[in-house]
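S.K.: Here's the letter readout for the chains.
Protein chains: 2
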Amino acid sequence: MVYIGIDLGGTKIAAGITNAQGEILAQASTATIAERPYKEVVRDMASCALRALEKSGHTIDAVETIGIGIPGIAENKAGTVIFCTNLGWSNVPLRDELQKYINKPVFIDNDATVAGLAESRAGVSRGAASSVFLTLGTGVGGGIILNGKPWTGAHGVASELGHLTLELEGIPCTCGKDGCLERYCSATALIRMGREAARLHPDSLILARAGSEDKIDGKLIIDCAREGDPYAMKVFDRYTRYLAIAINTIVSFIDPEMIVLGGGISMAGQFLLDAVREKIPNYLMFKAMPFGRVELAVLGNGAGIIGAAMLGMVLKEGESL
Amino acid sequence: MVYIGIDLGGTKIAAGITNAQGEILAQASTATIAERPYKEVVRDMASCALRALEKSGHTIDAVETIGIGIPGIAENKAGTVIFCTNLGWSNVPLRDELQKYINKPVFIDNDATVAGLAESRAGVSRGAASSVFLTLGTGVGGGIILNGKPWTGAHGVASELGHLTLELEGIPCTCGKDGCLERYCSATALIRMGREAARLHPDSLILARAGSEDKIDGKLIIDCAREGDPYAMKVFDRYTRYLAIAINTIVSFIDPEMIVLGGGISMAGQFLLDAVREKIPNYLMFKAMPFGRVELAVLGNGAGIIGAAMLGMVLKEGESL
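So the protein sequences, as listed, match chains A and B.
End of the first sequence = 321 in the working numbering, gap-free, step of one.
End of the second sequence = 1321 in the working numbering, gap-free, step of one.
Heads up, a few of these hints could be off.
Some residues of chain B that are not near chain A, with every Cβ distance over 12 Å (derived) [said to hold, decoys possible]:
id, residue
1, Q1099
2, E1213
3, A1288
27 Å max Cα-Cα, derived BS3-like pairs, lysine-lysine [what the hints assert, rightly or not]:
id, chain 1, residue 1, chain 2, residue 2
4, B, K1287, A, K177
5, B, K1177, A, K279
6, B, K1100, B, K1316
7, B, K1234, B, K1215
8, B, K1039, B, K1077
9, B, K1215, A, K177
10, B, K1215, A, K287
11, B, K1055, B, K1104
12, A, K234, B, K1316
13, B, K1279, A, K177
14, A, K77, B, K1287
15, A, K287, B, K1177
For the record, the hints were derived by calculation from the structure and aren't laboratory data.
The structure presented is a predicted model; accordingly, all values stated were derived computationally and were not measured.
C-beta atoms are modelled at their ideal positions from N, C-alpha and C, and glycine is treated no differently.
Chain A with its partners taken away, still in its complex shape (with noise of 0.2 Å):
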């Protein structure tokens, strides 16, 4: 048997054809024109589907079922996508569109649940009965997968772990509230910071190499921080910091197995690895207990295909964990 994945982004429509290990046989996208009517986009997302499944060489009646991961909240009992506002849908019935197309069982989740999953199925969570990951992008995603499946609580609005308070009266969030975990752990945080450190600190590499302010990104500002400038390296030191407290804030609220770090900042490596793994014991509630290893995440881009194939054979396998 095989699995239908579909990552449905703002900008891009990627599907694939998974066997039951995660290992992508075939894939197809295009592109998503969010602008569209959804059924549009969802005739598109079949269609790239079906050409991944030809690609593979399998037919349609090899294939299990149907998952997608999207940017935004879905109900999986009824199959529809609350909201999305990248692509500006909200109750949009996703389920019984795309089996008007292709009529298998179709299971729907956060983007950032399925990347979760993903790496717990075929990445370096593999074998981990619990794990938490977290992407570092523009804003802060998380994934909770517990006894091997992925925690999306009783209305679909868990592991909205950017959106942790971090600090009574913090900095204001794009959500409406104010000191979430993103606006101190995301590349956009990370970047503010950089930008403060160069406008206070005109000497500093991070201004030299970027030319001006507003082309200073997070890689600058860590490969800055990699060769040595002290503005740059203050700013990773406070940005790892944010990270190894939000971590804590994992380790004493589920106490995974392991913790999973993805998303843009990421591709720092080993040297946002060792960062944040030497902070840690510092914010630890219990010095003496083990807790959950941290590591990067490995599927990259391919995560929101397998992810969303897996979501299908997990969740057919029975509701929920």
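Given chain A's structure and the hints, the job is docking chain B onto it.
M.R.: Same frame as chain A, but now just chain B:
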């Protein structure tokens, strides 16, 4: 079949016999005398349990399991108490020691987890598949129940909700970290804020009622707020705002079906519940989505015995959730 539940506290050992519905059929208690060698404490735990069993009219053959709630951290696979500050215990082989007296399966967990399980089996959250329990006392304890079973994490240190970071570089906590949730949401925090208010406003009802600053306790502050004293109202407003933020962090993380408030502060009843419920929507990430109902615990002191008894029952059904 019946279940033995033992609530091991720093000052009192309470043991009870329950049926499968979590109804207490008989109970017995004795002083802990924590400074004794642990073997003597365990011997008294067993004799308390056997006395309760005799009172219940059942024989040892009817006993299915023994569950124990401890004010500390347990390792359920080995059946050991890893540590228990109040009792001065560390790495105590509680299961082995207790089975010298009563040879039945023994399950051990943290007291807040056990109280949360009690509410979810026989109390206010009965019927909810997922719930999070918060004890608002000297500190803040937490219990997480997912699919009807306690979630204690990969290393037994989950649900330490009092030690989530709520304020970066915030008020120093007894655990060694700064800005922990319990520094803002415990009875201790409410008292600290009340005493500050009394110091700044000697004309407050708080000081008039208490006589002196050191006599100010949580109940007095809440009573003054209830009676309309503007300073007490301001303190209560701030306290319930922190609690609403903490509850929203729980919603964003786990999105449980219910959130249950227990511990001393929950004795403020509907007055507390109304204030907290009113504030929660201000901090919701998804304003249009439903979220877990917030309720008060109903089992009071019985929760320790009931939850411990239910712990044996649910864990015997299968390892964790």
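S.K.: Would you say E1213 of chain B is clear of chain A, with no C-beta pair closer than or equal to 12 Å?
M.R.: holds (25 Å)
S.K.: Verify the proposed pairing of K1039 of chain B with K1077 of chain B, using a straight-line Cα cut of 27 Å.
M.R.: At roughly 20 Å apart (the allowed maximum being 27 Å), K1077 of chain B and K1039 of chain B satisfy the hint.
S.K.: Take the C-alpha atoms of K287 of chain A and K1177 of chain B, compute the straight-line distance between them, and say whether it is at most 27 Å.
M.R.: holds (11 Å)
S.K.: Do the alpha carbons of K1279 of chain B and K177 of chain A lie within 27 Å of each other, as the hint requires?
M.R.: Roughly 13 Å separates the two Cα atoms, so the pair holds.
S.K.: Do the alpha carbons of K234 of chain A and K1316 of chain B lie within 27 Å of each other, as the hint requires?
M.R.: violated (51 Å)
S.K.: Holds or violated: K1055 of chain B and K1104 of chain B, Cα atoms, limit 27 Å.
M.R.: holds (19 Å)
S.K.: Starting from K1234 of chain B, check that the Cα of K1215 of chain B is at most 27 Å away, please.
M.R.: holds (19 Å)
S.K.: Taken at face value, is the distance from the CA of K1316 of chain B to the CA of K1100 of chain B at most 27 Å?
M.R.: With a Cα-Cα distance of about 20 Å, the restraint between K1100 of chain B and K1316 of chain B holds, given a limit of 27 Å.
S.K.: Straight-line Cα separation of K1215 of chain B and K287 of chain A no greater than 27 Å?
M.R.: violated (35 Å)
S.K.: For K1177 of chain B and K279 of chain A, compute the direct alpha-carbon distance and say whether it is at most 27 Å.
M.R.: holds (13 Å)
S.K.: Quick check for students: does the CB of Q1099 of chain B sit more than 12 Å from each CB in chain A?
M.R.: Fine: 25 Å to the nearest Cβ keeps Q1099 of chain B off the interface.
S.K.: Given the hinted pair K77 of chain A and K1287 of chain B, is their alpha-carbon gap at most 27 Å?
M.R.: Within the cut-off at roughly 21 Å; holds.
Checked against the numbered hints given earlier, this structure breaks hints 3, 9, 10, 12; the rest are met.
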